[in-house]
Amino acid sequence: MSDTPTSETTKSKTSDGKSKARAAALNIIPPFLFGSLVIGGWYFISYVMLSENRRFLLRPPDKVVTEGFLDWGGTGGMSEMLQSLWSSTKVAGIGLFLAILIGLFLAVLMSQAITVEKALFPFLVTLQAIPILAIVPLISFWWGTGQTSRVVVCIIISLFPIIVNTLFGLQSAERGMHDLFTLHHASRLTRLRKLMFPAALPAMFAGLRISAGLSVIGAIVGDFFFGRGEVGLGQLIKRFASRLQGEELLTSVILSSILGVGVFLLFTWIQNKAIGKWSDRAGLV
Amino acid sequence: MTDSTNAALTFDDIGMIFPDGTETLQNISFSIKKGEFITVVGPSGCGKSTLLKIASGLLEPTAGSVDVDRDRLGYVFQDATLLPWRNVTQNIELFCELHGMPKEERRDLAQSAIELVGLSGFENHYPKSLSGGMKMRASLARTLTLKPPLFLFDEPFGAVDEITREHLNEETQQLFLQEGFAGLFITHSITEAVFMSTKVLVMSARPGNIVAEFDIPFDYPRKPELRFDAEFARICGEVSKELRGGHS
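Chain order of the listed sequences is G and Y.
First residue of the first sequence? That's 1 in this note's numbering, and the numbers climb one at a time after it.
First residue of the second sequence? That's 1001 in this note's numbering, and the numbers climb one at a time after it.
The following block holds chain Y by itself, in its conformation from the complex:
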């Protein structure tokens, strides 16, 4: 599983024990190449988010190593984490600003990211007047401005309603195809995982390790109707079975 040639991200035998003694991750090894979209599903508290934090450098693993270029890493959090005192444009410009980009350039990048996620017309709105889905789009657009070769998604659509979630899944898929980044996605939703990914990894309960791996055979772009396909349902069932096994 650790063929790291041309990989955007490689986990090599990662283990994580927190200072209070909790062992969260154990022997995690896999890599993601450009053009791959890998989703990790697993029970709550199995260390999925910890894995992303390790990938991004927010946490140091207690065992193993990570190979990743962290200069232009895209990280989409569970919450949209928009700064409430900045309007949509200013929020989307934030990362470019932190990277010292000139004002003109970052305004252009923000504008095209806004168009890409369909937030045109809401440039001057403040986060408090946006719906949950729109906040998530703004958060996606903010990350897109850096044109990251690797995107980490920490269960970003968990807090929006089902229909918005489906829309966001389709839009994220479109961005993935358009921008060609490597994606590592964390979710609880099996349908979401199977719909978007090239590969789904199932993690066991704590300490989390990879217990199953599913290559998803459907071609991109995937249509919404795919969710009602028999083969789609079968794969979801398989993933679910593994997930239940991981729970017990």
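So here's chain G without its partners, still in its complex pose:
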């Protein structure tokens, strides 16, 4: 047949190596330069702007590395921080998993009947709008001050983007595609399984990546308020702040953000594996 993409493919292969190297350089050099600038500014504030007796407000980066990351033993040492990181990871993981289950279930339900969508949506928006601080006392009444409450906070914080994006995705299949399924007498379940669900994947992953980051915030915020049982990063941050342990405080903040970025990258990777072959939406970020 006449209109094959062969010539385009050959052309793009020759420039492939060059453009990949350029893309890699573009991904590495600017963030590296900006990172160096931030660290330079950080040193400047610690050593030049702050006098020695006020330096606890922002400890310099090397102190954070030596006294935060490289100090393993004792209370507030790296081993305790890693345990807390693991505890918060578990809370975020369980919370996100449950939020995904609830979110997908509700989105599918809403996609199947406009009345269900109309009935639930205002309440979901309300739930999303409630500041988490305002319902902390209620959560502690109902679920105590341990792990369960932390997971509940996590779910409340990360649920909304999953529902909204999945619902949007389920409704995104083109009219013509629906007509095809109608013409061939597809059942509701077949339409959901073979058309609406796959069509929803790109939007669903966009929501999941947002929610993955939010679940880490939820785990740490939950831990901040509900401290019984295992000590998570939130509890550590609270303790370090009250004891003015600047190096350890900054270390746990950095660990929290590493967890957040890690979860985000994990979901980006899953997304690329799941839809990278066919969707234009897939990519690193």
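Since the hints were derived computationally from the structure, they do not count as laboratory data.
Don't be surprised by glycine CBs; every beta carbon is placed ideally from N, CA and C.
Computed footprint of chain Y on chain G; a stretch qualifies when at least three of its residues, placed anywhere within it, have a C-beta under 8 Å from a C-beta of chain Y: (1) 170-184; (2) 265-278.
With a straight-line Cα cutoff of 27 Å, these simulated BS3-like cross-link-like pairs (lysine-lysine) come out: (3) Y/1103 <-> Y/1147; (4) G/118 <-> G/194; (5) G/194 <-> Y/1053; (6) Y/1128 <-> G/273; (7) G/273 <-> G/18; (8) Y/1147 <-> Y/1034; (9) Y/1241 <-> Y/1223; (10) G/277 <-> Y/1135; (11) Y/1053 <-> Y/1135; (12) Y/1135 <-> Y/1103; (13) Y/1135 <-> Y/1223; (14) G/194 <-> Y/1103; (15) Y/1128 <-> G/20; (16) G/273 <-> G/90; (17) G/277 <-> G/194; (18) Y/1034 <-> Y/1053; (19) Y/1053 <-> Y/1033; (20) Y/1103 <-> G/277; (21) G/277 <-> Y/1128; (22) Y/1034 <-> Y/1199; (23) G/277 <-> G/20; (24) G/18 <-> Y/1128; (25) Y/1135 <-> G/273; (26) Y/1199 <-> Y/1223; (27) G/194 <-> Y/1147; (28) Y/1033 <-> Y/1223; (29) G/18 <-> G/277; (30) Y/1199 <-> Y/1147; (31) Y/1223 <-> Y/1034; (32) Y/1128 <-> G/194; (33) Y/1147 <-> Y/1053; (34) Y/1199 <-> Y/1241; (35) G/194 <-> G/273; (36) G/20 <-> G/273; (37) Y/1103 <-> G/273; (38) G/90 <-> G/238; (39) Y/1135 <-> G/194; (40) Y/1199 <-> Y/1053.
Given the structure of chain G, go ahead and fit chain Y onto it with the hints provided.
Just chain Y now, kept in the frame of chain G:
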């Protein structure tokens, strides 16, 4: 015009008024037999696509009736409507899958349809890496797997370039001769209509009704050079004249 003996599709006095009050079709009556390829040309918005939707059962007419067997109806849309998450083979298997055909059987049918439309070698490609013409071929192949006795084409080649369009016209003609289906084709292109059809119907502006009918006398298979034939040009001119009349 409504001799419905052995007809694959018969429209009987079809009228269509949409809920917002727009009258799209008025007194449409004609039928298509096996071995006939009828093309409807008409100005934009005259209800050509609505007619196909009525034929397929996607829309119910507000007047008149349609006689058609909708079990194995072939419908080729304006867009290729390939599912982006399925590769070429999986897309072409879709209809067989929806009709509950076993995997082996549908794979065989898909493979022969792929060969028929010349997409061999692209079985594992996803739609995003196909050109517009190739997407349309995949869409045709998907419909061919059901071996439909009636094909409805809703301006399928409107979005491809002129040369690809001509190729696709020739290939569709070949499929028509090979498979012997009845074809109802919608287009804006007069050349396309005259080149492929046994009969061309001209529709007026909204509310659309049939204002002229042309039997196309050329024998099949029609060669590409036919487009430069004097008689061909004359018929195109006649159709164009009627179409202009329908516009005003």
